[in-house]
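S.K.: Sequence:
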Amino acid sequence: RATGTAIDPNALGGMLIMVLTLTAPQLFAPRPLLKRRWIALALGAMGLALLLSFSRGSFVGAGAALALLGAVRYRKLLVIGVVALALILVLPQTQGYVTHFFDGLQVLSDADASDLSTQMRVGEYSDAIKLIERYPLFGVGFTGTPDIDTYLKVANLYLLMAGEMGLIGLGSFLVVMSVLFVSAWRARPQRRLPAAVPAAGSDVEPIWWGFHAALVGALIGGLFDHYFFNLDFHHSVTLFWLFVGLAAVSTRLKPGRRDV
Numbered sequence: 007r008a009t010g011t012a013i014d015p016n017a018l019g020g021m022l023i024m025v026l027t028l029t030a031p032q033l034f035a036p037r038p039l040l041k042r043r044w045i046a047l048a049l050g051a052m053g054l055a056l057l058l059s060f061s062r063g064s065f066v067g068a069g070a071a072l073a074l075l076g077a078v079r080y081r082k083l084l085v086i087g088v089v090a091l092a093l094i095l096v097l098p099q100t101q102g103y104v105t106h107f108f109d110g111l112q113v114l115s116d117a118d119a120s121d122l123s124t125q126m127r128v129g130e131y132s133d134a135i136k137l138i139e140r141y142p143l144f145g146v147g148f149t150g151t152p153d154i155d156t157y158l159k160v161a162n163l164y165l166l167m168a169g170e171m172g173l174i175g176l177g178s179f180l181v182v183m184s185v186l187f188v189s190a191w192r193a194r195p196q197r198r199l200p201a202a203v204p205a206a207g208s209d210v211e212p213i214w215w216g217f218h219a220a221l222v223g224a225l226i227g228g229l230f231d232h233y234f235f236n237l238d239f240h241h242s243v244t245l246f247w248l249f250v251g252l253a254a255v256s257t258r259l260k261p262g263r264r265d266v
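If you read the sequence shown in this note's numbering, its first letter stands for residue 7, the second for the next number, and so on.
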């Protein structure tokens, strides 16, 4: 499995969710930051790296983020996505990825299925819920659990957050994310400017879409892993909050500004 410089293949997959989704809108931007052929080449390389990571949660997160972009703004992305998915399903070279993905889904309906990775995660979810039931409000902190029969490491962003910071900490995080996305949605009409006036902000719009879709992908990927909150993966945590800050700034930028 590919890891790059991300320590862990799943962490690499999470980072690719964000940069791939940020880059994708540039392919359809009126004035992309780079020439389209270089953007297409970069997207192809990132897509290949995502496949080589074998990170199923990252597949789902990236797919959901790109589908959202296609549904609400860039319709051509849906066509490209359908073609790419069809190729992955039918090409002999990709059958290993397809089998790996569906093995994980099988565990959800059959506890005796052979995918040990997903079996382990299901067990982690059960243990994490037990920990949250014991320390529901403020969690147990970041250094470990006070009980010998519980542990903190769970492959789920939200369960890990609730275990360490309690339901109050998890609720605070969800409020911050909700405010970010509600503010972005309210600003959406200002971002969809006519192509006839490119100087009025068409450079910002694809970046704005990319940041917010990347965060959607990260939050969905967080259902299956913990790297965006686990301090052992500080580079992933830093990247996530950097995107949060840049997404907020891109929403607050007034149309017509050129100093981006």
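Don't take each hint at face value.
Below, computed lysine to any residue pairings styled on SDA-like, alpha-carbon distance capped at 25 angstroms [as the list claims (entries may be wrong)]:
#1 136 to 235
#2 82 to 213
#3 159 to 82
Since the hints were derived computationally from the structure, they do not count as laboratory data.
S.K.: Mind listing which of the numbered hints don't hold for this structure, in increasing order?
M.R.: Per hint list: single violation, 3.
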